[in-house]
Amino acid sequence: MSLNQLKPSFMEQGVPIHFPRRRRRVYTIVGLLIALGGVVAFATTIGSVQVPFLTICRTLLSQLPLVDITPTWPSTTETIILEIRLPRVILAGLVGAALAIAGATYQGLFRNPLADPYLIGVAQGASLGAVIGFLLPFDWHGMGFLIIPVLAFTGALISVAIVYSLARVGKTLPVTTLILAGVALGALWGSIVSYLIITSGERMHGILFWLMGSFSLSDWSEVKIVLPYVVVGVAVILLYSRSLNIMQLDEEQAQQLGINVEKVKLILLAAATLITAAAVCFVGTIGFVGIIIPHAVRLIWGPDYRFLLPLSVLSGAIFLILADIVARTALAPTEIPIGVITAVCGAPFFLYLLRRKKRAVFF
Amino acid sequence: MIKLELQSVGVAYGRNVVVKDLTFQVMPGEMVGLIGPNGSGKSTIIKAISRVISLQSGKILLDGKDVFKMPRGDLARLLGVVPQMSILPSAFTAFEVVLMGRNPHLGLLQYEGARDMAITWRAMEMTATHTLAERKVGELSGGEIQRIVIARVLTQEPKSILLDEPTANLDIRHQVEILDLIKNLCLENNLTVVVALHDLNLAAQYCDRLILINNGQVHAQGTPEEVINSRNIKEVYGADGCVYTHPVNGLPAVLLKAGNKQHAKPRDTIERGIV
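Going down the list, the protein sequences come from chains L and F.
Per the numbering used here, residue 4 is the first one in the first sequence, and the count goes up by one each step.
Per the numbering used here, residue 21 is the first one in the second sequence, and the count goes up by one each step.
Straight line, CA to CA, 27 Å or less: simulated DSSO-like cross-link-like pairs of lysine-lysine: (1) K266/L x K89/F; (2) K89/F x K268/L; (3) K85/F x K266/L; (4) K79/F x K266/L; (5) K266/L x K179/F; (6) K85/F x K179/F.
Label pairs and their in silico Cβ distance ranges: (7) N263/L x I192/F: 35 to 45 Å; (8) L126/F x Q53/L: 50 to 60 Å; (9) T82/L x I107/F: 56 to 66 Å; (10) E208/F x P351/L: 53 to 63 Å; (11) H218/F x S197/L: 53 to 63 Å; (12) N263/L x V268/F: 42 to 52 Å; (13) P351/L x I192/F: 49 to 59 Å; (14) G173/L x T265/F: 43 to 53 Å; (15) L81/F x G173/L: 26 to 36 Å; (16) R35/F x P140/L: 48 to 58 Å; (17) D94/F x I270/L: 16 to 26 Å; (18) E208/F x L169/L: 46 to 56 Å; (19) S77/F x S197/L: 53 to 63 Å; (20) P140/L x N36/F: 51 to 61 Å.
Hints listed in this document are in silico derivations from the structure and should not be mistaken for laboratory results.
We treat Cβ as the ideally placed atom computed from N, Cα and C, and that holds for glycine.
Same shape as in the complex, but just chain L (with noise of 0.2 Å):
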């Protein structure tokens, strides 16, 4: 009957069922890593200038160490990939996975399916704080860029605070409270974020177009800012990902489990609200992604928070990448703010979540 006395032969045999697919689940992730590749070719593209596909990839690969290929191409080409469009597609990309990874940190955190940052305040209290680094009177250019994502990060984490607080019911965080105690707090920011734009004078305007969610105005210097934040949230976040999947089973199951239920929640939510902010510091509030991505992941890949959190970073980066294809192209030369790309696609599924009585198929 012991468990210690396992017989050779059964080790040898194995357990008799295909879990946990896990030579499946590699080729998954590198087969979106090799999707992420071509769209980010692909994306770099499209633009008011015809650029062929080859010279696209030939103009990234020569990028790369160890590659050598001549350029036979313009220098102007060469700037308008290297230095106007890959930077933009690059940011598309990196917020697109901050916000995936973060609306699914949130949703097992909570244990909620309807988590996002954008729907439990977070984006609109870092938002605020980005709002309030804009308008210091420091030059923006300089201190601004360090100073930004702090403020957004305070903001973030303050809304993180009040929104668990208010809507947390004894030990559970019902669904309704959450998106009431977030939509109101959101409201609140929100509101404030207008009053001082109203006032800010011939900063307005500025302001506004980044409020709105854009990334028109992207170059290096900010996919330099963005990129330490994300890749260590993401790193974090990745190296707590089986507590997340124990933490599944309610608090007290995870702690007999041997998981430190409040210092991992308290390393995820800042984790999770430090890739937020630095998200929304940069190119202002872009909805539903973090609800859109993580959903469509487990709905084909399954609940698994160690295969569910690469696939929706590279999925959400896929998603944004090409978001912003539509945003930029659709209306050209017009711009259409990216955020109301994602609510196209985001909000009506974001209502089939909400109308679903069987939360339980999938989460």
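Since the structure of chain L is already known, use the hints to place chain F on it.
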């Protein structure tokens, strides 16, 4: 082989004192039953031992070490808990949930290996849940979930097991199967087992020793014969004369009858004894 010791343990929810000055010991290979009415503090004691709620006073020692000073991972390798109500994430498969029991044995970046899989499968075979391995837990019945949770606890390879009403959702066949399994594990691996039970008959059948809790205090402890007698049952539960002798093994047995005389069946002759 570890010993569990509670030394004058007190637990309070706010100002409401739930457990007062509770002292008892459980030796390796011993299965001890906690019995008592609703709200007497049985679940609270289980939660306190597994460090889900904190103590107001006293100490809980497992293997001579203070439970509250151990890292949680270390505690989870020594102690497995079957909670009263287990909420399981419905989209996970039964195998995935049982495999979670390996968590305290894995490092932060470690992935479950062949040995972890084999232990998990073995635990599922022992609880007869291996046929459910690939089913989603959201589709399973209460009794199946209970057995999955027990399998998960076995997967932890604990030295001590606490169970809070493990038979609450089970039919009589599974009640007996689960308690047989736990009793066997307890004897063969010298586990230290504490089980909170509502069912006094099952408690008498399986436990080496019973601790009768009333209002958070020990009312009586000892062998089933010493604890389950008419006087104790009357004092703690307020129920009259319903303790008999089990016709097969002579252990105490509790039979209920309608409390309101009008509802009682006319043949009130059973007090002569059974069969």
